[in-house]
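*Asks:* One-letter residues, chain by chain:
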Amino acid sequence: MQLLQARGVCATLVAAVVAAIMLAGSTKALAVPSFARQTGMACEACHTVFPELTPFGRAFKMNGYLIDNLPQVKEVTADQKEALLLNWLPPLSVQFIASYTQLKTALPDTSGGTGTPTGNGTTQFPEAFSFFYAGRIAPKLGGFIQVTWANDSDSFSWDNTDIRFADQTTLGKDTLTWGVTFNNSPTVQDPWNSTPAWKYPFSQTSSLAPSSVASTQLDSLGNNTVAGLSAYGYWNNLVYVELGGYTAAPHLTTPSQGVENVHGGAPYGRIAVQPQWGRHSLEFGVLGFSDNATPAGSLNSTPTDQYRDIAFDAEYQFLGDDNIVSAELTYIHENQTLNATAPSAASNTLNTFRLGGSYFYQRQWGGSIGYFSTTGNTNPALYVPLGSANGSPDTSGWAFELDYLPWQNVKLALQYTLYTKFNGAGTNYDGTGRNASSNNTLYLFAWLAF
Amino acid sequence: MRHRIGIGLGLALALGAPIAYPAEDQQIQRLATQTCATCHGRNGDSISPAFPRLAGQQAQYIEAQLVGFRDRSRGDPAAMAYMWGMASQLDDRTIKGLAAYYAAQRPVHGTPGDKALMARGKAIYEQGLPDAGVPACAACHGAAAEGKENIPRLAGQHPAYLVKQLAYFQSMLRGNAPIMHAVTDKMTFEQMEAVGTYAASQ
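For the record, the sequence lines run as chains A and B. Anchor point for the first sequence: position 292 equals 292 in this note's numbering, and the numbering is continuous, going up by one each time. Anchor point for the second sequence: position 117 equals 117 in this note's numbering, and the numbering is continuous, going up by one each time.
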């Protein structure tokens, strides 16, 4: 058996495994040369331009990250069942993101010390650095495991993780890929990039950009708060169905103010259909997620906040020889009954809409445009303490990005986010004279995956 | 790019005789329908022209290509990106089995393309381009573009895929068939488009 050698890259990476794991922000960045090492396939097989997946990349994910062309360490039982199948070389990789962020008007420094406003021409070197183990773990079991060091917390934290068992069978005349996924954030396991865990085309945004007062559960449940198990099936390369649930899995540190913990079980379901024709694919689907949450530190008997999310998503791709076009749409509708956080004004709604499109020429030059909008009912009791002077959470704007990839695993990007409304208003949204446009963000970044 | 003739192609040329292939093999069927099918389609009928249709393709030709991917003598961009990885761990028995599997699938019928292209393409396919030193394609690929032994079926293939291969042969980005480089050397892109459209439509 010939040894596989990734082109030009010596496969002697030794992972110095995670130093400390603490609660911190996570990066959404996810290109994994681990898979290139395991499969022997170039990035373009599974990605249009990373991190966006092609139909083949989605199939690879749904099949458990198992396709491999590396020599294996093997063992079989006495009755010929596979007992061990380990890649001879571990599918490890790293990701390095360095950036420069400039807000139109820098945010005042709240650290109480240095007096340097954040986002005032701030260089982060790196902004984020991740280790990945991504690939086969055992026969029919594969994983995507990411650990990230983030500049803004100066610490490592657990990031996107999806470990899945997958197999294939026949249903009717056609192939059914089915599996079970164990993961740590709703939609991190989803094959389509139009879902909240991926937020394509703007998967990578500045960690220094301000967040609005409200986002839906699907958008905000991070990688360090829940664990989920679901079963899925993908039939005839067309219909995808998934059903499962999440439960609280917070890290065992002192709970901080304002953090909510999922209480009990949180069901999750997803249906998608993806017809393909010629060089086109079009997915459209529905997601549902529902959870009850309690503020950190509260007893089990306290009232809970109830969230019910339903989302629609669509993703279109055209994969030409030289030209690649893709578009993503996400709409999340959330009903909230906040018996714990805002019992006097418990019933609320929150809607988030995102529409984006990308074009790339020869996978080297390209860019994206996106529109985003979150709207909800005005609720002063809920939103004024968080920073909205008029008690409305409405935030909307546009994002633009230009990309140059000198090589398939190196992305240089210039991104600009323009806010038309922020935390309820276009002007003076916080009562101290800050406008939505004050948060306009210029973000230059270099994203290396190797 | 390497220009060596693939081992399989060389052997086939040398032997010039039909080779028996083991077709009834559960493992081969699983590989074809679960892994290869992701790009090449359930029965070898791929959706995207980025991936060639394999249904009814000549077994010797498929075998030569898989060996070419495995030993990297065929190195056009898509071959490198997808097939080098896919083929790197295939043993000879599996390669023969996959070749036989796809050869046994029902070939896809071509559909007619643009009339003007088809007319020009038919002329090139049947008579060649003597001034440009291009022989008639039918001489090797058959009157109905069905291929023979190690010469591939073109009928029913994605036209865009055929045109791309002709361009790769000309530029030597695909170097595992020197005879095709000689054939395409003086062709214009319009001629490639025409003959590709016609051959695929058969």
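Bear in mind the hints are in silico, worked out from the structure with no lab data behind them. Just so it is clear, the structure is predicted and the values come from calculations on it, not from any experiment. Please note: incorrect hints may appear among the correct ones.
[Unchecked claim] Chain A stretches covered by chain B per the calculated footprint, using a threshold of three residues with CB under 8 Å from any CB of chain B: (1) 165–176; (2) 271–284.
[As the list claims (entries may be wrong)] So, partial list: chain B residues that the calculated Cβ filter (under 8 Å) puts toward chain A: (3) T33; (4) T35; (5) C36; (6) T38; (7) I47; (8) S48; (9) A81; (10) G85; (11) Q89; (12) A138; (13) C140; (14) A143; (15) V163; (16) K164; (17) A167; (18) L173.
Glycine included, C-beta positions come from ideal geometry on N, C-alpha and C.
*Asks:* Against each hint, give a clear statement of whether it holds in the structure.
*Replies:* So, going through the hints one by one against the coordinates:
| no. | hint | verdict |
| --- | --- | --- |
| 1 | 165–176 | holds (count 3) |
| 2 | 271–284 | holds (count 4) |
| 3 | T33 | holds, 6 Å |
| 4 | T35 | holds, 7 Å |
| 5 | C36 | violated, 11 Å |
| 6 | T38 | holds, 4 Å |
| 7 | I47 | holds, 5 Å |
| 8 | S48 | holds, 5 Å |
| 9 | A81 | holds, 4 Å |
| 10 | G85 | holds, 3 Å |
| 11 | Q89 | holds, 5 Å |
| 12 | A138 | violated, 28 Å |
| 13 | C140 | violated, 26 Å |
| 14 | A143 | violated, 29 Å |
| 15 | V163 | violated, 10 Å |
| 16 | K164 | holds, 7 Å |
| 17 | A167 | violated, 10 Å |
| 18 | L173 | violated, 12 Å |
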